[in-house]
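Asks: Read top to bottom, the protein sequences are chains E and W. Sequential numbering from 1 applies to the first sequence in UniProt numbering. Sequential numbering from 1 applies to the second sequence in UniProt numbering.
For the record, the hints were derived by calculation from the structure and aren't laboratory data. Be aware that a few hints might be false.
Below, simulated SDA-like cross-link-like pairs (lysine to any residue); rule was C-alpha separation at most 20 Å, straight line [unchecked claim]:
(1) W:Lys261 with W:Ala272
(2) W:Lys398 with E:Ile196
(3) W:Lys395 with W:Ser481
(4) W:Lys205 with W:His241
(5) W:Lys398 with E:Met186
(6) W:Lys398 with E:Arg69
(7) E:Lys75 with W:Lys118
(8) W:Lys261 with W:Met274
(9) W:Lys525 with W:Ser481
(10) W:Lys398 with W:Thr444
(11) W:Lys525 with E:Pro289
(12) W:Lys261 with W:Tyr228
(13) W:Lys139 with W:Ala163
(14) W:Lys107 with W:Gly151
(15) W:Lys525 with W:Gly473
(16) W:Lys118 with W:Glu98
(17) W:Lys398 with E:Leu336
(18) W:Lys498 with W:Thr444
(19) W:Lys398 with E:Val192
(20) W:Lys498 with W:Gly473
(21) W:Lys398 with E:Ser200
(22) W:Lys395 with E:Met186
(23) W:Lys205 with W:Met274
(24) W:Lys395 with E:Leu203
(25) E:Lys230 with E:Arg244
(26) W:Lys395 with E:Leu193
(27) W:Lys139 with W:Ser481
(28) W:Lys261 with W:His241
(29) W:Lys81 with W:Tyr459
(30) W:Lys395 with E:Arg69
(31) W:Lys398 with E:Leu193
(32) W:Lys398 with E:Arg244
(33) E:Lys75 with W:Asn337
(34) W:Lys398 with E:Ser199
(35) E:Lys75 with W:Pro162
(36) W:Lys261 with E:Ile196
(37) W:Lys139 with W:Pro162
(38) W:Lys398 with E:Ala135
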Amino acid sequence: MTSVSTDKLPPSPIGEGVSAPDGPWKRLLAGLLSSPTAVLSGIGLILILIAVLLAPLYANHVAHTDPFRSGLSAKIEVEGKTVPVMQRSTEGLGLGVTPIGPTWSGEYMLGADTQGRDVMARMLYGGRSSLLIAAASTVLTLALAAIIGVAAGYTGGLVDGVLSNLIDMMWAFPVYLLAISLSIVMIGKTFVLGPIELSSSSLIIPITIIGLVYVPYVARPVRGRVMTIKNSEFVLAARGLGVRRHRILMRHILPNVLSTLIVFAPMLTALNIVTESALSFLSVGVQAPNASWGTILQDGQSLLYSRPTVALAPGIAIMVTVLLLNLFGDVLRDVLDPKSARGR
Amino acid sequence: MDLMAISKTGRRGSALARLAITAAMIPAVVPALAQAQDAHRGGTMHLMAVASGGTLDPQINYTAQFWQLYSATYDGLVAFKKADGPESNTVVPDLAAEMPTVSADGKTYTFTLRKGVKFSNGDDVTTEDVVASLRRIFKVSSPTSGSFYNGIVGAEDCLSSPADCTLEGGVIADGTANTVTINLVAADPEFLFKLSAPHASILPKGTASKDMGNTPIPGTGTYMFTSYDANNSLTMERNPHFVEWSVDAQPEGYADTIEYKFGGTEESAVNAVMNGQADWSFDPLPADRLAELSTNATDQLHVHAQSAWWYAPMNVNISPFNDVRARQALNYAVDRNALVSVFGGPALAQPVCQILPPDFPGHEDSCIYTQDPGDTWSAPDMDKARALVAESGTKGEKVNVVTEDNAASRGVGTYLQSVLSDLGYDATVQTVSGDIQFTYIQNTNNNVQISVTQWYMDYPAASNFLNVLFGCGSFHPGSDSSINIAGFCDEEIDARMKAAMTLGATDPEAANAEWAKIDNAVMEKAPAVPLFTPRRLDLLSERVGNFEYSSLFNWLIAKSWVQ
Chain E
1 MTSVSTDKLP PSPIGEGVSA PDGPWKRLLA GLLSSPTAVL SGIGLILILI
51 AVLLAPLYAN HVAHTDPFRS GLSAKIEVEG KTVPVMQRST EGLGLGVTPI
101 GPTWSGEYML GADTQGRDVM ARMLYGGRSS LLIAAASTVL TLALAAIIGV
151 AAGYTGGLVD GVLSNLIDMM WAFPVYLLAI SLSIVMIGKT FVLGPIELSS
201 SSLIIPITII GLVYVPYVAR PVRGRVMTIK NSEFVLAARG LGVRRHRILM
251 RHILPNVLST LIVFAPMLTA LNIVTESALS FLSVGVQAPN ASWGTILQDG
301 QSLLYSRPTV ALAPGIAIMV TVLLLNLFGD VLRDVLDPKS ARGR
Chain W
1 MDLMAISKTG RRGSALARLA ITAAMIPAVV PALAQAQDAH RGGTMHLMAV
51 ASGGTLDPQI NYTAQFWQLY SATYDGLVAF KKADGPESNT VVPDLAAEMP
101 TVSADGKTYT FTLRKGVKFS NGDDVTTEDV VASLRRIFKV SSPTSGSFYN
151 GIVGAEDCLS SPADCTLEGG VIADGTANTV TINLVAADPE FLFKLSAPHA
201 SILPKGTASK DMGNTPIPGT GTYMFTSYDA NNSLTMERNP HFVEWSVDAQ
251 PEGYADTIEY KFGGTEESAV NAVMNGQADW SFDPLPADRL AELSTNATDQ
301 LHVHAQSAWW YAPMNVNISP FNDVRARQAL NYAVDRNALV SVFGGPALAQ
351 PVCQILPPDF PGHEDSCIYT QDPGDTWSAP DMDKARALVA ESGTKGEKVN
401 VVTEDNAASR GVGTYLQSVL SDLGYDATVQ TVSGDIQFTY IQNTNNNVQI
451 SVTQWYMDYP AASNFLNVLF GCGSFHPGSD SSINIAGFCD EEIDARMKAA
501 MTLGATDPEA ANAEWAKIDN AVMEKAPAVP LFTPRRLDLL SERVGNFEYS
551 SLFNWLIAKS WVQ
């Protein structure tokens with residue numbers, strides 16, 4: 001059989017005087033901009049991103065604090081009076097020490113946690129960790145899912161059998177059980193893999209764990225999509241013309257799978273934020289001295305009665321970010337997959 | 001209460017008149033008092049805990065939670081006095097009719113067994129039960145078999161081959177004379193303390209030589225366990241065969257039934273007690289409820305000193321703490337007052353810089369790691385600490401602090417991580433489940449550099465802190481049961497500890513003076529950072545009366561009433 005390169009196929013019928021249709025990225029952007037929900041949620045997400053990126057500026061120049069150092073003996077000035085950050089009870093039996101509440105000013109705007117640290121400054125730094133972990137683990141999940149899904153769906157046969165069963169096995173584990181198990185193994189001690197040495201506080205560990213546990217949830221639909229595309233007319237035509245397998249993969253399969261992956265991205269990021277928070281809340285995610293919204297939520301748990309803002313602040317941050325991501329992801333899916341939008 | 005009221009009334013008269021009035025009133029008051037106490041008998045006491053204490057076997061369980069219950073369910077030949085305050089450190093005869101006769105060389109103890117005492121299954125307590133119970137300590141590999149009871153003749157064979165343990169020559173019963181003789185390899189002035197621990201409880205001779213888990217073993221105490229589900233609840237009822245033989249050793253309980261529920265959270269337990277749905281909770285009260293309870297429930301709160309310490313053992317065998325200067329630096333740097341804040345403030349914790357707790361035998365105030373060395377800790381000395389770190393050349397090294405996953409331990413660990421970072425180390429905190437942290441930090445294979453842990457006394461003797469926690473004999477590399485967590489073994493200090501224990505048999509005061517010096521000697525080598533001595537805080541429901549506190553068993557449940 002003669003191999004025919006698509007480079008030598010006849011030129012496009014679109015000629016002079018006929019304007020070329022918009023590319024997929026332009027159509028995507030236009031679709032997003034035409035949706036007020038996408039615009040507002042996008043602006044919201046950008047504002048959150050800017051805020052967390054400015055965390056060092058806030059800590060150094062507004063809060064004047066190091067949010068990773070205990071401030072159990074610290075004092076601040078409130079309404080002209082110097083008061084301790086950790087306030088000892090003077091009533092009744094004199095039991096208990098309560099961190100200072102929200103001052104609504106630069107220092108200790110949202111109050112202090114059980115270590116006397118500025119909650120607002122930690123919220124911003126914690127947001128950096130939470131968003132970084134969520135985004136990076138999303139990229140990892142999508143990359144691994146694309147490789148596995150495409151390999152299984154396109155190759156078929158034994159490779160598909162092995163990979164599909166592997167996906168099924170991973171799917172059989174409840175996500176949090178799998179994540180906690182991996183965390184306990186990886187966070188237990190310094191993790192050494194060849195020249196790479198990861199301490200228990202490294203953010204790469206939660207990124208890897210969260211990135212791995214959601215792979216089956218993306219790989220399976222990707223595999224299905226690949227199998228559909230593989231048998232579509234344009235791919236069959238390309239094969240009939242003798243186009244090489246890897247070229248079909250790169251030119252026809254991957255671009256069509258990409259839209260599926262893009263639709264998954266914001267939803268998965270939202271899910272990863274919640275997963276990271278849950279793991280950190282259970283002490284098996286982000287480890288001190290790093291902070292994340294989940295660890296701050298955990299710090300706030302022991303102050304629910306006396307200083308609820310410590311738990312409320314990260315809770316609200318998680319809720320708002322996840323909501324914005326889901327709203328944005330919803331519009332993104334409608335734009336990239338109009339069929340499903342019509343069907344709803 | 002009535003007697004106190006009378007004596008207060010009589011304070012206006014002469015001493016003689018007061019005496020005469022009091023003497024005249026006693027015959028009338030005593031029956032009235034007994035009647036009042038009888039009126040308190042009955043009812044059900046409701047206790048709560050987040051989790052159970054594990055196995056119900058009194059010769060295996062080593063938790064404060066269940067030792068508290070064993071004080072009312074099991075007896076040894078001798079027992080710690082069930083009394084309030086320091087008196088509770090006194091050893092009194094329990095199943096033994098009187099204190100044992102001890103040979104001149106201190107190696108032989110002869111006990112005469114009390115007659116007429118029955119197990120909760122109706123069987124009489126015999127000398128055979130005593131022998132079988134002491135053998136069972138080794139057969140079930142009780143956690144203290146190698147530390148408390150290894151001095152009994154024959155114990156060495158029992159430790160190497162538990163299943164065949166006979167303690168031949170070590171424990172001899174004479175059924176006719178109703179005596180049991182225990183022979184020791186060497187004099188042990190602390191032996192009666194050790195026999196008073198629940199691990200030396202006397203159980204029926206037919207008790208299986210295995211961990212009985214959730215199955216209650218018949219005992220001789222005022223209560224007996226009737227049901228136990230480690231995930232749900234524990235029930236104790238009156239022992240139908242119990243007749244009070246010694247109010248000091250085993251007083252009769254007031255409540256008819258004690259129900260212990262497991263599950264929920266510390267917060268929900270506080271709410272339950274405040275709402276009268278429960279009478280008490282074992283777990284520490286949540287820190288953010290303390291201020292509220294401190295003002296709203298003053299009559300229901302009881303604060304007591306504990307013979308305990310929170311400390312941070314540093315592994316002296318791995319970097320950076322294999323350099324004494326690095327260990328001393330951390331001792332200088334830690335702000336004990338700050339840590340007291342983590343634990344609920346000065347009403348609940350006292351800063352310390354020694355191993356032996358305040359008011360403990362052998363304790364003498366001394367603090368070398370403070371800004372102005374003297375009797376007590378005053379402030380951290382960061383300059384000195386940084387200089388020591390620089391001298392040691394360990395700056396920049398990685399240090400991981402291992403804590404339990406509860407708020408207090410995590411708080412202390414986070415604080416230590418912050419201080420270590422201030423000193424120039426690359427410090428992290430690792431939180432490990434409370435179920436395994438204590439064994440995890442003991443095993444040298446885990447390479448734990450520094451951890452946060454606590455030690456509560458088993459009996460009131462300095463060796464129970466110094467020798468147990470820092471003696472060479474307590475260090476077992478590669479074992480989960482190596483209570484010398486720091487891996488500290490100084491042969492000279494170890495020899496001094498052995499000499500002090502021997503001296504205690506003949507001259508307890510001189511021995512305690514020596515223990516004070518040993519305490520300082522160990523602290524000069526700084527294998528640990530003493531943090532604070534905790535105080536126990538108990539919240540009881542409004543209906544609970546007659547709270548009494550024992551140093552070893554905490555609240556004496558049997559001595560309180562609920563109606």
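Asks: I'd like to know which numbered hints this structure contradicts. Please list them from smallest to largest.
Replies: When the structure is compared with the hints, numbers 3, 7, 9, 11, 17, 18, 22, 23, 24, 26, 28, 32, 35, 36, 38 turn out to be violated.
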